[in-house]
Amino acid sequence: MTTKKEDAKRLGIYLLIVFLSMLLFVLFRRPMEASTTVYFIIFDLFSFSPAIASLITRAVTKEGFRDMELHLHLAGNIRWYLLAFALPMICFSVKFFLPIILTGHAGWLAGLTVQDVLSNVLTLAALSAVTSVGLIGEELGWRGYLNQKLEPLLGTVGTCLAGGIVWGLWHLPMDLVGCLNSGGTISEAFTICGGRMLALTFYGVFLMWLTKKTDSVFPAVIAHHVFNESQGALAALLSQCPIPEDADLGVIADVFAHLPMIVVAVLFMILLLRDGGSEALRPAR
Amino acid sequence: MTGLVYKEWKQDRWLILSMLLCGAAPVLVLLLMHSEIADIGDAPIRIGGLLAGVFAAGALQMAVLRGDDRKLWAYWITASADGYRGYLRVRYETIFGMIVLFLFSVQLVDMGYCAVAADRGQDAVPISSIALLMCFVQILLRAVDIPFVYRFGSKKGSIIKMICMVTAAILLVASLILDPARLERIIETCRTTVNAQNGSLLLSVGLIVCLVMYYLSYRISCRLYLKGVEQYDH
Numbered sequence: 096m097t098t099k100k101e102d103a104k105r106l107g108i109y110l111l112i113v114f115l116s117m118l119l120f121v122l123f124r125r126p127m128e129a130s131t132t133v134y135f136i137i138f139d140l141f142s143f144s145p146a147i148a149s150l151i152t153r154a155v156t157k158e159g160f161r162d163m164e165l166h167l168h169l170a171g172n173i174r175w176y177l178l179a180f181a182l183p184m185i186c187f188s189v190k191f192f193l194p195i196i197l198t199g200h201a202g203w204l205a206g207l208t209v210q211d212v213l214s215n216v217l218t219l220a221a222l223s224a225v226t227s228v229g230l231i232g233e234e235l236g237w238r239g240y241l242n243q244k245l246e247p248l249l250g251t252v253g254t255c256l257a258g259g260i261v262w263g264l265w266h267l268p269m270d271l272v273g274c275l276n277s278g279g280t281i282s283e284a285f286t287i288c289g290g291r292m293l294a295l296t297f298y299g300v301f302l303m304w305l306t307k308k309t310d311s312v313f314p315a316v317i318a319h320h321v322f323n324e325s326q327g328a329l330a331a332l333l334s335q336c337p338i339p340e341d342a343d344l345g346v347i348a349d350v351f352a353h354l355p356m357i358v359v360a361v362l363f364m365i366l367l368l369r370d371g372g373s374e375a376l377r378p379a380r
Numbered sequence: 005m006t007g008l009v010y011k012e013w014k015q016d017r018w019l020i021l022s023m024l025l026c027g028a029a030p031v032l033v034l035l036l037m038h039s040e041i042a043d044i045g046d047a048p049i050r051i052g053g054l055l056a057g058v059f060a061a062g063a064l065q066m067a068v069l070r071g072d073d074r075k076l077w078a079y080w081i082t083a084s085a086d087g088y089r090g091y092l093r094v095r096y097e098t099i100f101g102m103i104v105l106f107l108f109s110v111q112l113v114d115m116g117y118c119a120v121a122a123d124r125g126q127d128a129v130p131i132s133s134i135a136l137l138m139c140f141v142q143i144l145l146r147a148v149d150i151p152f153v154y155r156f157g158s159k160k161g162s163i164i165k166m167i168c169m170v171t172a173a174i175l176l177v178a179s180l181i182l183d184p185a186r187l188e189r190i191i192e193t194c195r196t197t198v199n200a201q202n203g204s205l206l207l208s209v210g211l212i213v214c215l216v217m218y219y220l221s222y223r224i225s226c227r228l229y230l231k232g233v234e235q236y237d238h
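These protein sequences, in sequence, are chains G and P.
Quick note: the first sequence uses this note's numbering, first residue 96, plus one each step.
Quick note: the second sequence uses this note's numbering, first residue 5, plus one each step.
Next up, chain G with everything else stripped away, as it sits in the complex (with noise of 0.2 Å):
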């Protein structure tokens, strides 16, 4: 058993090399405008840094390289990775589709094929499975180390808020190098980091439950893929409907932006939070 004086020194350092591997855009700015090859290496070491991060982190203070969730575990879990790929999914459905229904233009979505939407959610589907694995580099760090290290300190809301947190600052210089480079402000790109950190906090609630649930990264590292790679489906999608280029659905769709990733959020705290600390979620093994 670990005490949390020890946790917090980890903590530390690992979060002292995540934040470290920031520096990598400042850095490496200007060669990574002249060299695609300079941009393309930067950003795949820093899209890896927070697992490289943990096995350093493990390496340096010696804790040995146990507990990282890395079996699949599928027996008796395939409806959690299930459940992965369908709530993002359904999340981001609610988010784009409900505010045009609601609002009476319907009539919009007159151009989607049932044929359509399967193939986007079939190829999706298919697509996690294999493509996914990419976004271990993150979700060993974010969900195998920092939320483990998190835990015993803050508790699980304040692991859900402090790892929402780290989650969305550590994508602020992918935000400032986007904004900059399409010609757009600092300001910009903070907003965009904020509005992106709150979604992440909400969505860090529920990758946490999954992790815990089937005791393996996995899950979310797929639950990640689909909450990045939905959004760009549904709105090709979107783009065959017929909606006008000056569409505005006013508040409903501001609400809906937020709206069932709070709803997610607060329904898995409430299951973390019943299910009481990690230990009681994972199951024997």
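Calculated directly from the structure, the hints in this document are not laboratory data.
These figures come from a predicted structure and were not determined experimentally.
One or more of the hints may lead you astray.
Unchecked claim - Listing some non-contacts, in silico: residues in chain P with all C-beta distances to chain G over 10 Å:
| hint | residue |
| --- | --- |
| 1 | LYS11 |
| 2 | ILE20 |
| 3 | HIS38 |
| 4 | ILE51 |
| 5 | VAL68 |
| 6 | LEU69 |
| 7 | ALA83 |
| 8 | LEU176 |
| 9 | ILE181 |
| 10 | ILE191 |
| 11 | GLU192 |
Claimed, not checked - Taking CB as the label site, the calculated pair distances span:
| hint | chain 1 | residue 1 | chain 2 | residue 2 | range |
| --- | --- | --- | --- | --- | --- |
| 12 | P | TYR219 | G | ILE347 | 39 to 47 Å |
| 13 | P | ASP127 | G | ARG124 | 23 to 31 Å |
| 14 | G | LEU115 | P | ILE164 | 54 to 62 Å |
| 15 | P | VAL9 | G | LEU354 | 36 to 44 Å |
| 16 | P | ALA128 | G | ARG124 | 20 to 28 Å |
| 17 | P | ASN202 | G | ALA154 | 48 to 56 Å |
| 18 | P | VAL9 | G | PHE114 | 27 to 35 Å |
| 19 | P | GLU234 | G | ALA170 | 22 to 30 Å |
To be verified - Facing chain G, from chain P, some residues (calculated, C-beta under 8 Å):
| hint | residue |
| --- | --- |
| 20 | THR6 |
| 21 | VAL9 |
| 22 | VAL104 |
| 23 | GLY116 |
| 24 | GLN201 |
| 25 | ASN202 |
| 26 | VAL209 |
Backbone N, C-alpha and C fix where the C-beta goes; we use that ideal spot for every residue, glycine too.
Use these hints to put chain P onto chain G, whose structure you have.
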């Protein structure tokens, strides 16, 4: 289960890690055939390299099963806490993981190559989408291969599989020769079934079918395993 995964890693780690090398095959072949680029272009060479990588990766994935067809081991693992079902599950997961690792490597190397080409002012065509389809073909092929290995043993299984496939091919060709109009009917049915409207749907269904087949293959292997054990070491 942890023990089985540990055994898998200790025993087959080089085979697993070799997937990274197979994924780099498109660029390795390109480097070897550097002088040919001017004549046939880099994309066909990279696709050729990808196919070579797919074949090599397939052979290495099946090599993981080498040595499983021994009675002593089979009875021992059947009597263990996880049983033969747990053992087969880990085997299937390992091979699936190898396919995913191969795809990850292909995509990473391909993106790297395209980035380098962009810096040189060239417009390289990404081959990741072909690799993705190849990956699903690999899943389907392994779904067929693995039950044969566990039912008949490694050597005998591959011979029986070959006989089955050759027999099926002969029957198909014979039926088409005896009734040439059937070929036209098949082509016409395909033409009416697959069109621009439902092409993407059929493709997506095909991808899911590959995954379902892989799962069914695991269930079939579980059913056949103990029957197959009786024939091992003969």
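Hints, verified against the model:
no. : hint                               : verdict
1   : LYS11                              : holds, 14 Å
2   : ILE20                              : holds, 13 Å
3   : HIS38                              : holds, 19 Å
4   : ILE51                              : holds, 19 Å
5   : VAL68                              : holds, 16 Å
6   : LEU69                              : holds, 19 Å
7   : ALA83                              : holds, 19 Å
8   : LEU176                             : holds, 28 Å
9   : ILE181                             : holds, 37 Å
10  : ILE191                             : holds, 23 Å
11  : GLU192                             : holds, 22 Å
12  : P:TYR219 with G:ILE347: 39 to 47 Å : holds, 41 Å
13  : P:ASP127 with G:ARG124: 23 to 31 Å : holds, 26 Å
14  : G:LEU115 with P:ILE164: 54 to 62 Å : holds, 57 Å
15  : P:VAL9 with G:LEU354: 36 to 44 Å   : holds, 41 Å
16  : P:ALA128 with G:ARG124: 20 to 28 Å : holds, 25 Å
17  : P:ASN202 with G:ALA154: 48 to 56 Å : holds, 52 Å
18  : P:VAL9 with G:PHE114: 27 to 35 Å   : holds, 33 Å
19  : P:GLU234 with G:ALA170: 22 to 30 Å : holds, 26 Å
20  : THR6                               : holds, 7 Å
21  : VAL9                               : holds, 7 Å
22  : VAL104                             : holds, 5 Å
23  : GLY116                             : holds, 6 Å
24  : GLN201                             : holds, 7 Å
25  : ASN202                             : holds, 6 Å
26  : VAL209                             : holds, 6 Å
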